[in-house]
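> Each chain is listed here by its residues.
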Amino acid sequence: MPKTTAYTASIEYISILDEQGKFDEKLGKGLITDEQALDLYERMTVCRQLDEFAFKLQRSGRMGTYPQNKGQEAAAVGSALALTPGQDWVVPSYRENAALFMMGLPMHYVLQYWMGDERGSQIPENVKMTPLSVPIGTHMLHAAGIGYAERIRGTKNVVATYFGDGATSEGDFHEAMNFASVLKSPVIFINQNNSWAISVPRDKQMASETVAQKALAYGMPTVRVDGNDIFAVKYAMDDAVKRARAGEGPSFIEAVTYRLGDHTTADDARRYRDPQEVEAWIARDPLIRTRKYLESKKLWNQAKDDTLQERAKTIVKEVVATAEGVSKPEIDSIFNAMFAEPHTELVRQRDTMRTSSLGKDPSQTGLKNTTQNV
Amino acid sequence: MITADLHPASIENVPQPDFSKPLPPREGDRIIQFREALKEAMSHEMRQDERVFLIGEEVAEYNGAYKVSQGMLDEFGPKRIIDSPISENGFAGMCTGAAMYGLRPIVEFMSWSFSLVAADPILNNVPKMLYMSGGQWGCPIVFRGNDGAGGQLGSTHSWCVEGLFANVPGMKMAIPSNPYDAKGLLATAIADPDPVFFLESERMLGDKAHVPEEQYYIPFGQARVCREGDAVTLVSFGRPVNFCIEAAEKLAAEGIECDVLDMRTIRPLDIDSIIASVKKTNRVVVVDQSWPFAGISSEVITQICERCFDWLDHQPVRVNTEDVPTPYAKGLEYAYLPNPERIAEAVKNVVNA
Chain E
0 MPKTTAYTAS IEYISILDEQ GKFDEKLGKG LITDEQALDL YERMTVCRQL DEFAFKLQRS
60 GRMGTYPQNK GQEAAAVGSA LALTPGQDWV VPSYRENAAL FMMGLPMHYV LQYWMGDERG
120 SQIPENVKMT PLSVPIGTHM LHAAGIGYAE RIRGTKNVVA TYFGDGATSE GDFHEAMNFA
180 SVLKSPVIFI NQNNSWAISV PRDKQMASET VAQKALAYGM PTVRVDGNDI FAVKYAMDDA
240 VKRARAGEGP SFIEAVTYRL GDHTTADDAR RYRDPQEVEA WIARDPLIRT RKYLESKKLW
300 NQAKDDTLQE RAKTIVKEVV ATAEGVSKPE IDSIFNAMFA EPHTELVRQR DTMRTSSLGK
360 DPSQTGLKNT TQNV
Chain D
0 MITADLHPAS IENVPQPDFS KPLPPREGDR IIQFREALKE AMSHEMRQDE RVFLIGEEVA
60 EYNGAYKVSQ GMLDEFGPKR IIDSPISENG FAGMCTGAAM YGLRPIVEFM SWSFSLVAAD
120 PILNNVPKML YMSGGQWGCP IVFRGNDGAG GQLGSTHSWC VEGLFANVPG MKMAIPSNPY
180 DAKGLLATAI ADPDPVFFLE SERMLGDKAH VPEEQYYIPF GQARVCREGD AVTLVSFGRP
240 VNFCIEAAEK LAAEGIECDV LDMRTIRPLD IDSIIASVKK TNRVVVVDQS WPFAGISSEV
300 ITQICERCFD WLDHQPVRVN TEDVPTPYAK GLEYAYLPNP ERIAEAVKNV VNA
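Chains as they are written, first to last, in numbering that gives the first Met the number 0: chain E, 0 to 373; chain D, 0 to 352.
Listed below are the simulated EDC-like cross-link pairs for lysine to aspartate or glutamate, each with C-alpha atoms no more than 16 Å apart in a straight line: (1) K127(D) / E117(E); (2) K297(E) / E34(E); (3) K127(D) / E340(E); (4) K127(D) / D116(E); (5) K278(D) / D312(D); (6) K78(D) / E57(D); (7) K207(D) / E35(D); (8) K303(E) / E41(E); (9) K347(D) / D229(D); (10) K183(E) / D82(D).
Rather than coming from a laboratory, the hints here were simulated on the basis of the structure.
This is chain D alone, in the form it adopts within the complex:
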């Protein structure tokens, strides 16, 4: 039973991650799927902290529409793993209240596309509750779900919400590109006292990687250098990081070595790592799976221009989805999204200019 009369914005009773320890090695760890990594992060936090609960459509009896919450109902029971009515605005708003009174809801959107009907709670209430109450009411909620084109789901179900939502101050946004980061970032998100938008990808849920069994916490605002090079800086986040790595491997065969940065979180943005890399390579390509107009790539490039304009040998270049709704047809969808071919082409243009 939860009896401590906790101040909603207090984090004193939450086990805090120890950032001083180095992250555990990957070698020798088990190989598990992205979805299992997410489940492990949630389950571990739920065992440690009774205030954490999971709610969403089909998360309990059905084990999640994408089987992310497999077995969690059996372990934690129906009071903490809650099958919600089909009512995104409803459960997002309800969890706002629950978080204001000290619980720590994890809200699963089956797809972030469906979060659009919950715009009022997630954009107009949660990120500004602390501010509007003069620091009184924190909203430690994690909103998580599939973001981006899931593979022929059509334009209404293929939203990349990061471009749209990252504009709103007051929340944090994490977007892992691999199972290892998925576990470590989600653990941090749940322990975080502020609201976190956690963006997964249906296309990556089956991806496998070495993931340690014990819980670990990847700090927000800390980019990962996936690959080192001096020809160009490739900046990306989420699923397209994998395309960047693939493109960089092919380019390496042609003698073009790329610095590939996985931002891990969009808010806060680790601009320092980007600047450090750009000062080394003097060229940058930003790969962003959301629309180009007023998007994350626009923001990253603006900040680069603000901070190291004189270090650039070529204008910053970006690879986005095209400025149209997501196409339904398979081939069109592939061409519309950032893909290794488009990235490699952009890099060559920048390097050979």
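This is chain E alone, in the form it adopts within the complex:
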């Protein structure tokens, strides 16, 4: 028998606003209004400012660790623009702050969380997102499940989940992709391919040419886009959201971007990255690109930018003050969110902690409630 072709595929690449500021009118038409573009630029600027402040906070001992988002803002805002806050979900990793703020998360929550206060993960009722997920990859499965829950509830809401290129080496990624496609869960897998998993470059992370092609194995529509181009990201996202709302299941978007900062404040990327590579990506900075676009449309100028930078600083200062102004949690509170109702042993531990009765017979410490039947 002659050999036949069992399967062929190719990966599309989408770029609408390139790094020279050239805009593809055909693909980009009606994607993002001028008003929206201005809003996204402002949001990205505030987010960049937040990054700079957070870095300083950590260096001055006012924050535990912080992963800067610098360089990846376009992927976050471009994708979140296609979602409906209050209806659609974001299941984040930790490098898409701007998307979370667009979904309605107050900015100080993120700082509060990284300052080590669990209450920063106490997402407000009207915001549909899960807490930041620092373990790599685990949250993608949650996204598949939340999407399934939306399906069971009979809604048309969708779930966007974010993760890096390194996360696609985790088994969780593959299991989430498989589940989402088998169950037709309305999930949009947004891969922020920033080339580095801490110090491991992408070519040591995977042998595949693109990240996007990994989705082919799960029968999932997939595309690679310029992740520093808000238009390209929005374009791919619109497509994916439309499919998900129509009950056609999950989609995959590889947003090619770059981590301009360190992995976290605990890292120093100068030790392992070629400065020329970083220079090249600084030239592709999504903020610069978006600003050029706005200027070319006479929507922006230096004076406006100066005002914005000042405003961003003021906003971030307020956010930092709010985060730092939150009263310290009570020691007792570590027992508060263990179960819907705390059980006797937990209450005993809390009481013991309060009275320092360790090593004493509970019946001698006035804590007779646990042995009252004796």
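For this one, chain E is given, so just place chain D on it according to the hints.
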């Protein structure tokens, strides 16, 4: 259709068990198998609460690898009885998300041994989700499946996970020893707003007992006194409770009467009942089908020493599996597990000392 926009940690819309009523009598009830008791508990909760669904390998078309979900696909359809890909990490993680958004998944592990590849969702996500979100996201999931040596399944398929998993705060762990408790505890587990690890035994699925037809809810943290005596307290949970009862019956013929306690749940642990019994008998043997090092028996004995050390007339004794992987050979497996002979011997040593 589920339309109520429920807060994930809210239990307001779940029919709550009425603990005030006495449990129904056993006499006159139907005699059914352990596996049927489990199915009845699940089916009843699924009829009452549309958020409950069952997922696992072969639970739907095949009616479950051990026929626990027999007929459930026919009754509830493929949206709620879901055949999953062979991907424990996948479905455990996916159900974490589903539970965070208000569904109430029942996850069947064909064997708890296979849950080890799902360690991240079941240990690192589910039990601490409520805590890490400052009380925002509960994870009302029931993970259930066969635990312990199933009978010559070899060491990789014979895990007793209770010793390993009970160390993790934030979840509850139920481990029934008979069909009546299996139904009542599973009903409670499904209605519970917190994550529950529910440990069954392949060796008991065919066990038969009187089980009421109506749904009933056995409260967690409430031990059952299986047999009363004054010579020694026998504390156990899960399948070895039956070995304790068997040993106690033989010992009674020799004039040694044992207090036999079936803990029913490991977390929460009904330490009060244990202490009450130990203060009566002054001697205790803990029978635990998991490994001895840093296991449940270690915990129970520590708590006994903390709370009623002066009441003990003999050091606490434990009967565990031996500290080796589960042997494959039939005779070796039997000798490795707690069995009535080993239990009786331990009791005699304690009583006659």
